[in-house]
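Chains as they are written, first to last, in this note's numbering: chain A, 1 to 307; chain B, 1 to 512.
What the hints contain is simulated information worked out from the structure, not anything from laboratory work. By construction, the Cβ of each residue, glycine as well, lies at the ideal position given by its N, Cα and C atoms. Check before you lean on any hint, since a few could be wrong.
[Said to hold, decoys possible] Computed spacing ranges between beta-carbons, pair by pair:
#1 A:Asp278 / B:Thr129: 41 to 51 Å
#2 A:Lys70 / B:Lys74: 23 to 33 Å
#3 A:Arg219 / B:Val205: 43 to 53 Å
#4 B:Thr249 / A:Lys89: 45 to 55 Å
#5 B:Lys246 / A:Lys212: 46 to 56 Å
#6 A:Gln242 / B:Asn64: 25 to 35 Å
#7 A:Arg132 / B:Phe133: 34 to 44 Å
#8 A:Glu252 / B:Asp289: 20 to 30 Å
#9 B:Asp289 / A:Asp37: 36 to 46 Å
Chain residues, written in single-letter form:
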Amino acid sequence: MGLFSKTVAYLRDHLGKTRRKITSSLGSLLTLGRAIDEDLLDELEATLIADDIGVATTERLMEDLRAAYKSRKIAKSEDILPFLKERMKEYWPARDRELHAAESGPTVILVAGINGSGKTTSIAKLAYALSRDGRKVIVAACDTFRAAAVEQLSIWADRIGVQIVKHQMGADPGAVAYDACEAALARGADYLILDTAGRLHTQKPLMDELAKIRSVAARKIPGAPHEVLLVVDATTGQNAIQQAKVFTEAIEVTGIFLAKLDGTARGGIVIAIKDMLDIPVKFVGLGETPEDIAAFDPDEFVEALFA
Amino acid sequence: MYKWGGDPKRAGAARRFFHRVWNDKCFQRKKLRRKGRVLFDALTDKFSGIFRSLSGRGRITEANVSDAMREVRKALLEADVNYQVVKQFCKDCLDAAMGAEVIKSLHPGQVMVKIVHDELVRLMGPVDTRIYFVSPGPTVILLAGLQGSGKTTTAAKLGRYIRAKGRNPVLVADDLQRPAAIDQLETLGQQSGIPVYTDRIQDAVKVARDGVRYAKQNGHDVVILDTAGRLHIDEEMMQQIADVAKTVTPHQIYLVCDAMTGQDAVNSAKAFNERLELDGVILTKLDGDARGGAALSVKAVTGKPIKFVGLGEKLDAIEEFHPDRMAGRILGMGDVVTLVEKAQEQFDADEAAKLQAKMAKGTFGFDDFLKQMEAVKKMGGMGGMLKLLPGIGSQLKNMEIDEREIDQMRGIVHSMTAEERRDPDIIDASRRRRIARGCGRSVQDVAGLVKTFRRSRDMMQSLSSGGMGGFKSLLSGKTDLFGAMASGRVPKIKQRSKRKRAPRRKGNKRRR
Ligand SMILES: Nc1nc2c(ncn2[C@@H]2O[C@H](COP(=O)(O)OP(=O)(O)OP(=O)(O)O)[C@@H](O)[C@H]2O)c(=O)[nH]1
Ligand SMILES: Nc1nc2c(ncn2[C@@H]2O[C@H](COP(=O)(O)OP(=O)(O)OP(=O)(O)O)[C@@H](O)[C@H]2O)c(=O)[nH]1
Ligand SMILES: [Mg+2]
Ligand SMILES: [Mg+2]
Chain A
1 MGLFSKTVAY LRDHLGKTRR KITSSLGSLL TLGRAIDEDL LDELEATLIA DDIGVATTER
61 LMEDLRAAYK SRKIAKSEDI LPFLKERMKE YWPARDRELH AAESGPTVIL VAGINGSGKT
121 TSIAKLAYAL SRDGRKVIVA ACDTFRAAAV EQLSIWADRI GVQIVKHQMG ADPGAVAYDA
181 CEAALARGAD YLILDTAGRL HTQKPLMDEL AKIRSVAARK IPGAPHEVLL VVDATTGQNA
241 IQQAKVFTEA IEVTGIFLAK LDGTARGGIV IAIKDMLDIP VKFVGLGETP EDIAAFDPDE
301 FVEALFA
Chain B
1 MYKWGGDPKR AGAARRFFHR VWNDKCFQRK KLRRKGRVLF DALTDKFSGI FRSLSGRGRI
61 TEANVSDAMR EVRKALLEAD VNYQVVKQFC KDCLDAAMGA EVIKSLHPGQ VMVKIVHDEL
121 VRLMGPVDTR IYFVSPGPTV ILLAGLQGSG KTTTAAKLGR YIRAKGRNPV LVADDLQRPA
181 AIDQLETLGQ QSGIPVYTDR IQDAVKVARD GVRYAKQNGH DVVILDTAGR LHIDEEMMQQ
241 IADVAKTVTP HQIYLVCDAM TGQDAVNSAK AFNERLELDG VILTKLDGDA RGGAALSVKA
301 VTGKPIKFVG LGEKLDAIEE FHPDRMAGRI LGMGDVVTLV EKAQEQFDAD EAAKLQAKMA
361 KGTFGFDDFL KQMEAVKKMG GMGGMLKLLP GIGSQLKNME IDEREIDQMR GIVHSMTAEE
421 RRDPDIIDAS RRRRIARGCG RSVQDVAGLV KTFRRSRDMM QSLSSGGMGG FKSLLSGKTD
481 LFGAMASGRV PKIKQRSKRK RAPRRKGNKR RR
């Protein structure tokens, strides 16, 4: 997708600066011609864990590595990283990463996630990229709960020049979604992006509310929502797996928006999420301005994990 | 009178105990009541250690807890404790636990889990959740943290919390970055009825300074500064908050940290701490099901206590931090921990009964006494571990007994006859002289030891007399006892021992 100004290549340069000690010790074990031994495997395991890939997925990757070693696909330490990287990149085939679109009429994107993960800002970024690409975008302020959430989205809509549908604070989010769908249809929008209130997946009533927003959209516009993005903060640890699982049960998540990848966290949890739940990553957030978005690029992402 | 060697400055609890026994007249009954607390403490500490050490069946070795440690390691990593912290922590626990006694009904692995759990509690606590207010005010509190961690919400929560303590706080909207950040704080201020100082300019340092001035002029005694979320590697933004801190010199700086944070928690916490010298951490979003290993990571790298936890979006959803709950949550092995605690309680009760029987028969002599001291020494040698031992051990102070003290005791005891050891009450002046000659110590030393022995024994007897009640509850019902002591509610035990002491004394022919 040529929509996004930044590429994840930015990431690698950026993260290069925050290189961890661990990688250098891993580096020293990966010298040319060195045999594969337990020290090296331990160090590798530590790197994967430090990336938030999680115990289970790390174990799986290590098993694959051992199997490859047994079957003599790899023999020396310098073979390890290329093998692992390839293995990881396979998680995200190209078809997985495209933004779904409606065949006709507005494409509805429902955005959800836990509190403070970056939903509203990510929506601004996405809307900005799409509108710069000449699409007509409407955003809808279905977060009527959090203090000043409507104002926040309004300010973004204003800044990036897209339309917004909003109600008063405390209004029914389903009603906002309903009106937004009507507006999108009436005004011939290409994209309708629904912002929702942050909620923990453990709050059943709030998850039900989200499902209701989804079904409102589904009733109003055929095939909607075409895309359901879960915004995951890249600093999140293992709990993101549970988040992805429960949100998917409620609203059939189709992709992940990995926000805040501009920090020192590597966001490795999305590997575990892909591994266990088969949910692909579609976008990454790289800062707080509307330009700070990139289409997810597995190559760059995986390289950054070991940078 | 206090003659046994050693540097008094290094006096540990046990030494202080002896010192007290020898020099103080506190053993006179009336005074005993007043001093009871310290003595009960010291005695209980010792005996609980002894029981364990005399009756333990197995010991912890690296091999017999390796499975358990693997599970522990995995649990901690799955809870998002940073892997380097996990590594160090597990190593420390294992080193400390090595050789620890394991009672017969338990597997060493189970005991190990309990040790890990208690060590987690220890590492994350104790927590002083008081907010120290200065006078003249205003007390300035600065909140800092990564984007979306919960600073603005926490500012309002803290405001409410502090107002409930009779203060008059003002919130200062010093996030000039995020769209609608000021509106957000204003709304929260309205919801909670707490005034908010705002100034829609682009100078965070000025807003902070003016906010504090505003507080002074308007009689607010607490200022809570909400700041923009920032990445710890964003030099410009980190400089900005450092400048704010330099300008308003906050009395408390808290890092607001999302409980769901993964491995990276160590990096951000460390950077914020280096830049701002944090006073504490507030862990948010604990109302979810995240295991919250970041709590341990952050504590480990900053050394700063977690003070409060956020438990929801509502403004009353703030609580003081409880290390024990957090430990249970992070480790997630509550079943094992409870099992060990139960078994340990049973064990303590059994052992208390045995010892009591022995004392009731009047067979508690110098050999037992020496054994106890040696056991205590052995336990003491385990340093911090002592506190971690299951059951009553968890309440122990870190006792130090000088090896020399034990040696001197041993020397004196060894020059006693078997009969004297069994029944120390027959030791009269001439026996004292003989014993002193035999071990090359002064007569006063011998007399001192005999006195110590008697007083300890009497103490125990008075505690244990009249059935299981006293001693057993002292040892196994430790929560009540120590809880009571900690909170200064000692009378319950004292009354009981007093009541039960009276008839016992009559029948105690050895008492003079
Ligand atoms: N550094 C960085 N900050 C981000 C990124 N995305 C969002 N943020 C910041 O994260 C904070 C929270 O973002 P929001 O968009 O308000 O998050 P949200 O999920 O809508 O929050 P709630 O609606 O309260 O649940 C804001 O300060 C954003 O500026 C990112 O990619 N990088
Ligand atoms: N469930 C839950 N949500 C919380 C808690 N604390 C804050 N939140 C929510 O988390 C989101 C972010 O909180 P904010 O207070 O805006 O976070 P912030 O750190 O000020 O964010 P920035 O200013 O953008 O950096 C909001 O949706 C809050 O309602 C908590 O303890 N539990
Ligand atoms: Mg939002
Ligand atoms: Mg804020």
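Structure-based check of all given hints:
In this structure, Asp278 (chain A) and Thr129 (chain B) meet the distance hint of 41 to 51 Å, their C-beta atoms being roughly 44 Å apart. One distance hint, 23 to 33 Å for the beta-carbon pair Lys70 (chain A) and Lys74 (chain B), holds here, with the actual separation near 24 Å. Restraint check, Arg219 (chain A) to Val205 (chain B): a C-beta distance of roughly 52 Å satisfies the suggested window 43 to 53 Å. For the pair Thr249 (chain B) and Lys89 (chain A), the supplied restraint of 45 to 55 Å holds, since their beta-carbon distance comes to about 51 Å.
For Lys246 (chain B) and Lys212 (chain A), the hinted distance range of 46 to 56 Å is satisfied, since their beta carbons lie about 50 Å from each other. Restraint check, Gln242 (chain A) to Asn64 (chain B): a C-beta distance of roughly 34 Å satisfies the suggested window 25 to 35 Å. Between Arg132 (chain A) and Phe133 (chain B) the C-beta distance comes to about 52 Å, which lies outside the given range of 34 to 44 Å. Between Glu252 (chain A) and Asp289 (chain B) the C-beta distance comes to about 21 Å, which sits within the given range of 20 to 30 Å.
Remark: the range hint 36 to 46 Å for Asp289 (chain B) to Asp37 (chain A) is upheld by a beta-carbon distance near 38 Å.
Of the numbered hints given earlier, the model fails hint 7 alone.
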